[in-house]
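Engineer: Below are the chains, spelled out letter by letter.
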Amino acid sequence: MNVSLNWLSEYVDLAGKSVQELDDLLTFAGIEIEGIHTKGVSSDKVVVAQIMEAVQHPNADRLKVTQVDAGEGTLRQIVCGAQNYKVGDKVPCALPGAALPSGFTIGETKMRGVESKGMLCSGSEIGVPDQVNGLLLLQGDPAVGTPVKQLFASDVLLEVEVTPNRPDLLSHRGLAYELAALLEQEHQTLELPALPTRCGSEWIENDAEEACPFYSLTKISGVTVQDSPDWLKERLVSIGLRPINNIVDITNFVLHEMGQPLHAFDAAQVGVRMHLRGAKADESFAALNGSSYALREGDLVISDDRGEVLALAGIMGGATSGVTATTTDILLESAYFTPTLVRSTSRAHLLSSDSSYRFERGVDPEGVLPAAARAIQLILEIAGGQIEGETAVVGSLPVLTGVVELDTARLDQLMGGSIELAAAENILLRLGLSAVGENLWRVPSRRADLQRHIDLVEEIARVHGLDKVPSRMRATFVPASDIDAAADLDMNLRRSLAALGFFEAQTIKLIAEKQLVDALPLRPLQNGDLVAVSLPLSEDHAVLRPSLVPGLIATAERNVRQGLKSLRFFEMGRVFRHNGGGKARDLESESIALLLSGPVAPESWSAAPAVATVHDLKAALQAILPGCPLQFTPREREGFVLACDVTGGDSNLGVAARLRPARERELDFAHPVWLVELDLTKVRKWLGRRRVVEELPQFPGSSRDAAMEVAASLPAAEIDKAIAKAGQSLLQHFECFDVFTDPTGQKLDVAKKSIAYRFHYRASDRTLKNEEVDAAHKQVLETLVKELAVVFR
Amino acid sequence: MKDQILLVQNDALAAIAAAPDARSLEEARVSVLGKKGSLTVLSAGMKDVPPAEKGEIGQLLNSARTAITAALDAKQADLQEIADRAALVGIDPTLPARALPAGAVHPLTLLRERAVGILRRMGFALADGPEIEDEFHCFDALNTPADHPARNAKDTFYFDSGKLLRTHTSSVQIRMMEKCAPPLRITAPGTAYRRDEIDSTHLSAFHQLEGLYVDTDVSLPDLKGTLEAFLREMFGADTAVRFRPHFFPFTEPSFEIDVKLEVKGQAPRWIEVAGCGMVDPAVFEAVCQSRKDRAYDPEKVTGFAFGMGLERLAMIQWGIRDIRLLIENDVRFLRQFA
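Each protein sequence line maps, in turn, to chains A and B. Take 1 as the starting number for the first sequence in my numbering and just add one per residue. Take 1001 as the starting number for the second sequence in my numbering and just add one per residue.
Source of the hints: derived by calculation from the structure; they are not laboratory data. Misleading hints may appear alongside valid ones.
Said to hold, decoys possible - One-sided excerpt, in silico: chain B residues whose CB lies under 7 Å from chain A: (1) Leu1108; (2) Asp1160; (3) Gly1162; (4) Val1331; (5) Phe1333.
What the hints assert, rightly or not - Here are the in silico distance ranges between beta carbons for each label pair: (6) B:Gly1319 <-> A:Val237: 35 to 45 Å; (7) A:Thr189 <-> B:Gly1319: 49 to 59 Å; (8) A:His187 <-> B:Gln1289: 35 to 45 Å; (9) B:Gln1289 <-> A:Ala294: 45 to 55 Å; (10) A:Leu642 <-> B:Lys1179: 36 to 46 Å.
C-beta: ideal position from N, C-alpha, C; glycine also.
Take these sequences, add in the hints, and give me the full structure.
Structural biologist: Structure representation (structure tokens):
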């Protein structure tokens, strides 16, 4: 809301208050000032001065030393850098002590060793537009010593942000009331002529009492519609409104003065009877803004006996029923429209106005008729004419406020004892509440936000200020929640991955449907599993991610475009899906995903690093899940190759795969893209497992190597299984240490591979004899031959 | 015999001294101390030495062996030293590092950890709730009127089911109060969603940090003391903090908090960092109804709540000008947080 400081000053004494002080005062009362725009200069100490002499400054080429007549009887010496004047010109002169719009206060000073007792000003320095580069040359020969503010209207425009609970502040009088309370001044009341009323039900039919509990109409005939007088135009222009004609301007003026929207109809353009009703389904409305609206059933309209829609109640008047230059008789509407209905209609038609803005927040019921009286007073004064009969009213004004009890003990508790009861009561009194009993407060009608004890406390705390409240810190022990524990594990995991060269990505959880081809959820998606928002902002953010992988691929793609070759990313966070084709709805679970592609180390002058393979991905997983018996079991996934289920012991951790080569090429990836997505809760379970230390071996062990020839296609996992089947109790562990194939077939049949294992044997209670080791090893090898028909080399 | 010993000793010492490399040194050793070496052969002759001379000859043989062995060891050390030095030739320590892969944790994570860490030290436990919320937890229970502007398909992401993506993490307050009886002191970092077009200062999905403290005597001094301590820990012990009265449907009284940001070379300015307030009794009443008990009877408990935007804090903390850097995951950006 725009507020003119000049206008505001008519209702509250702001003398001696700087704009900065007002800004602070309002800010710390909860009324945010979003902008301050100064027009003209307000200080008395900027006056008209005539330049009587100008000589070169002895120590500075660009400066002159002037003697000016500022109407003080003696000449004043001022050093000036401007070039655009001649002796005899009249210019604005800021005397010492003058506060300029920039916030700068002029003092006496020395410039390059020469005394300067003030400043000659340019236009912008006193808040009027610059027309030339240099001093503002005053036209019309004003008398020296005249305050410049008499030549140029000065004002400050405040852009005020009023919170939705305070519609009472949406006018100059409303804000003045608040300021008077904050400044501990008496509130200045407005004397208004009486407004005689009569029951208007014969003229006004109200079929929408819920939407419009109170409606008044005053007929004024014989008005002369013309331009508004200057003072009225100036008021409207000062807050950024465009003057239209005297009648419309008066309704706008009263809205911004008192906060009550009004509307004036041209009496010649409306029927004999007025009709307040809900709109019909197929009705349309031509508004005065030139647009036409297809009304919804139930939108409150002001209509007449001819059935025409004259206005969308509380929001905007119609194109044909408004006041024009030819209007002679008017109907002035002042009403109380129910906020929720105005808001609903305004939002449905994306149509808002100064009027709807106030009605949807709630106007002061007791301000409805005074605003009409105020407008009528101004119309009769400015546009002439006379009231025909009395003001017709239908319905009754809602009573929205009452008596609220202040619980003083709880006030004291909440404020930490920082305010005396008398001071708290004084705040309520200043805000216009009245004491009607012990701790009982009657709330004025314009403050419908004050309904409960706590609402009164808020007022006291707000005006008292939190700076006067002491600070207290009461930290007590709080046991870690499951979420605390999970967060700590997650952070360790992130640090491990960062140390392994992975960058943590955080991507937006709403993704494009076309990204779903890259999804690698723990379980494949079925129809109906996707969670899509009803009204996405764009195609790019239409569904909640069922998997972290699409985000990682997009991240890698972006970095490839920036020239990155070694791609290592991870993300941890929520994924979303319905489950079983939508049977279990809105499941949110947590995943961790890794993407690995390209050189496993950054390039350097040393040997070129290897390109990442599935075994590097496995190495990364093994590094973050130390000791976990990871197993990859191939299982096909659409959109991917070499897909495997990833298990750790008896826990299904997730899925790993390589992106389809065709998709890799499509996205310009130079190397295979390896991906894994794991169930984060299961990963945490492993990381958070209870550890029991194993005794260190007391006796030495002994190892045996065995290289075997097997079919090239035999998965190593089969060998692992066969070894396990041997059940050899002395076998502590074993590892594969070589895989050999010969594509030429010279040293080894191309259909075969040689795979070598090292087997470690040990007993916990003795040093094994060679014969014992040999026997154990033989048993393992025999099992391998039996299970897999391997041939030892 | 004596002369022979001395001759063998001298020859051996000369051969050792002359040996240019490890191989010739080994040859020299074998020729003297090997099975058929000259000193070995002489030692074998001891059996023919008359008993009267045995002592003297034996001593001579021993001292020759000691001298030769010492010379061999010394020469071997010398040769090793030369070889060690030769092995260093060509190593240029001024060449740049051979690279190790180095990653980084995302700045939003770092910031969240820091903020949450401070709060946990003050006795706040971590909490969480669903991102797909219902109107009750996101709006109704938080005292948000039915026709509040946020409850609109234009500003909030709804699903056909009527559920929505939470517009703030404040819904976690309700979830936690439903689950746990007071006293309750929690902090909930998480994602929130609003239908804002993405630009340099807006994201449609962003992160908030929520806090809630409910007990029998929580007051404005607690709110003030806790948040001052938090912000000074976050922004520096000397940071000026101010509370401006504001309006939120779910707290009363409500405040916005500014910190005075002092950046070298810039005029200090107040920057809004958080919203806070005393939990509105209507929120407690809604929780009581949902719990079907009076554990959160607004006549008995009070509390404060606060919330802040993590992206905003990150932007202030690191001078990030465009919020989109935080979602683009460009390694050139992420690397700066390694």
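Engineer: Are the hints correct? Go through all of them and say.
Structural biologist: Hints, verified against the model:
1. The closest approach between the C-beta of B:Leu1108 and any C-beta of chain A is roughly 6 Å, which is under the 7 Å cut-off, so the hint is satisfied.
2. A least Cβ separation of about 5 Å between B:Asp1160 and chain A falls short of the 7 Å threshold, and the interface hint therefore holds.
3. At about 10 Å, the closest approach between the beta carbon of B:Gly1162 and any beta carbon in chain A exceeds 7 Å, and the interface hint on this residue is violated.
4. Given the 7 Å rule on beta carbons, the hint for B:Val1331 holds: about 5 Å separates it from the nearest Cβ of chain A.
5. Proximity of B:Phe1333 to chain A is violated relative to the hint, the smallest CB-CB distance being about 10 Å (cut-off 7 Å).
6. Between B:Gly1319 and A:Val237 the Cβ separation comes to about 41 Å, which falls inside the hinted range of 35 to 45 Å.
7. For A:Thr189 and B:Gly1319, the Cβ-Cβ distance of about 52 Å falls inside the hinted range of 49 to 59 Å, so the restraint holds.
8. Range check, A:His187 to B:Gln1289: Cβ separation about 41 Å, and the 35 to 45 Å hint holds.
9. Distance hint for B:Gln1289 and A:Ala294: a CB-CB separation of about 40 Å, inconsistent with the stated range 45 to 55 Å.
10. Between A:Leu642 and B:Lys1179 the CB atoms are about 43 Å apart, so this pair conforms to the stated range of 36 to 46 Å.
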